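K.L.:
Please build the complete structure, drawing on both the sequences and the hints.
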Amino acid sequence: RPPAVPHARWYVSLFCGGLWEGQAILHTQGDYVLESELLLNFSGTLSSEQQFFDILNSRQGTCHRMIKLGGGFKCKSWSDGDKTMCLDHGLLMPQNNCLVYSFGVGNDITFEDTITYFKNCEVHLFDHTIGKIMQQTLVKDLHSRQHYHLLGLSDKNERMKNPHHEAQYLEMRTLDQIQKELGHEGRTIHYLKIDIEGAEWKALSYILQHGLLDNVQQLSMELHTNHLNDQPYETWLPTLQKYFETLRSIEAAGFKRVQYEVNWTLSCSLKVPHHIVSIPACGEILYVRKTNKV
Numbered sequence: 001r002p003p004a005v006p007h008a009r010w011y012v013s014l015f016c017g018g019l020w021e022g023q024a025i026l027h028t029q030g031d032y033v034l035e036s037e038l039l040l041n042f043s044g045t046l047s048s049e050q051q052f053f054d055i056l057n058s059r060q061g062t063c064h065r066m067i068k069l070g071g072g073f074k075c076k077s078w079s080d081g082d083k084t085m086c087l088d089h090g091l092l093m094p095q096n097n098c099l100v101y102s103f104g105v106g107n108d109i110t111f112e113d114t115i116t117y118f119k120n121c122e123v124h125l126f127d128h129t130i131g132k133i134m135q136q137t138l139v140k141d142l143h144s145r146q147h148y149h150l151l152g153l154s155d156k157n158e159r160m161k162n163p164h165h166e167a168q169y170l171e172m173r174t175l176d177q178i179q180k181e182l183g184h185e186g187r188t189i190h191y192l193k194i195d196i197e198g199a200e201w202k203a204l205s206y207i208l209q210h211g212l213l214d215n216v217q218q219l220s221m222e223l224h225t226n227h228l229n230d231q232p233y234e235t236w237l238p239t240l241q242k243y244f245e246t247l248r249s250i251e252a253a254g255f256k257r258v259q260y261e262v263n264w265t266l267s268c269s270l271k272v273p274h275h276i277v278s279i280p281a282c283g284e285i286l287y288v289r290k291t292n293k294v
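Numbering (UniProt numbering), first residue to last: 1 to 294.
These are computed hints drawn from the structure, not numbers from a lab.
Since we're looking at a predicted model, the values are computed, not measured.
One or more hints might be untrue.
Unchecked claim - Straight-line distance between alpha carbons at most 35 Å, and here's what the computed DSBU-like set of lysine-lysine pairs gives: (1) Lys290 with Lys161; (2) Lys256 with Lys180; (3) Lys256 with Lys290.
Said to hold, decoys possible - So the derived label-pair ranges between C-beta atoms look like this: (4) Gly90 with Gly183: 25 to 31 Å; (5) Asp141 with His274: 47 to 53 Å; (6) Ser144 with Val277: 18 to 24 Å; (7) Gln136 with Asn162: 14 to 20 Å; (8) Pro273 with His89: 46 to 52 Å; (9) His89 with Tyr117: 21 to 27 Å; (10) Gln136 with Glu197: 20 to 26 Å; (11) His89 with Arg159: 39 to 45 Å; (12) Tyr117 with Asp230: 37 to 43 Å; (13) Lys180 with Gln50: 39 to 45 Å; (14) Pro232 with Arg187: 41 to 47 Å.
Just so you know, even glycine gets a beta-carbon here, dropped at the ideal spot from N, CA and C.
P.N.:
This is the structure:
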């Protein structure tokens, strides 16, 4: 069994010389800068790439009861499978009657497992990139409240060729089409997780244009900008400006940013020309619907 941890509850314990998975750890937010202080006299136009990430690292609101679900301690470092959730008043998920959509699960469903046991939620897992063997293993081990769909989230409904396997096709859907196919139109999505390796920006644009966040309570994403390394440097700032405006649209839809955690892996960095130090270009972000206390 894992050692006793203050303010922690362990749902699944799997020990392999230091591997504990499926944890739900209550924690508090550390020191941070309020966005309102950072953006004094800000015109709305970014002046540098770094400013985009400085703004992300500031907060618009506070969650007093934050919890981490999933992931694991793999002897030397935390995996990136954990997700953050806010348990403040007005954001509590109803026991046995909560709905979770999780886009991009790969081979780590510790978050999905933990939220299933934590609140007995109806959890829908979406990933169009998983191979057949992994699909079979995943489906075989699913809880009765978990449902796997071989679908990807996009800004259009289409069947596209797999760029890595030309003989295979990938099924892509918009969020509203998925809700329609599952009979979830009008239902509250209590937690929407999007971790789709850079494709989030196109999907977000569609979601915002069609008002699809109206029934969402919490939005958790891993944001990626490391693809800018493959683009001409002069396009970086205009692209980040576009992303900044997309995130502003989330806030205009009734959300506040309460958490941003940098992904420090080397592959998730921007190598700015003529700069020695790279900029961390990926991170986990949590938006929660505004309440009187957030």
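K.L.:
Against each hint, give a clear statement of whether it holds in the structure.
P.N.:
Going through the hints against the structure:
Using a Cα cut-off of 35 Å, the hinted pair lysine 290 and lysine 161 is violated, with the two alpha carbons roughly 40 Å apart. Taken as a hint, the lysine 256 and lysine 180 pair is honoured in the structure, with Cα atoms around 27 Å apart against an allowance of 35 Å. A hinted pair counts as satisfied when its Cα atoms are at most 35 Å apart, and lysine 256 with lysine 290 qualifies at roughly 6 Å. In this structure the hint that glycine 90 and glycine 183 lie 25 to 31 Å apart at CB holds, the actual value being about 27 Å.
Between aspartate 141 and histidine 274 the CB atoms are about 50 Å apart, so this pair conforms to the stated range of 47 to 53 Å. At about 49 Å, the CB distance of serine 144 to valine 277 disagrees with the hint of 18 to 24 Å. A C-beta distance of roughly 18 Å is found between glutamine 136 and asparagine 162, which places it inside the suggested range of 14 to 20 Å. Between proline 273 and histidine 89, the C-beta spacing of about 48 Å keeps the proposed range 46 to 52 Å intact.
At roughly 23 Å, the beta-carbon separation of histidine 89 and tyrosine 117 lies within the given 21 to 27 Å, and the hint holds. The beta-carbon spacing between glutamine 136 and glutamate 197, approximately 23 Å, falls within the hinted interval of 20 to 26 Å. With their beta carbons about 44 Å apart, histidine 89 and arginine 159 fall inside the hinted range of 39 to 45 Å. Our hint of 37 to 43 Å for tyrosine 117 and aspartate 230 holds, since their Cβ atoms are close to 40 Å apart.
Look at lysine 180 against glutamine 50: about 41 Å separates their beta carbons, and that is inside 39 to 45 Å. The supplied range of 41 to 47 Å is met by proline 232 and arginine 187, whose beta-carbon atoms lie about 43 Å from each other.
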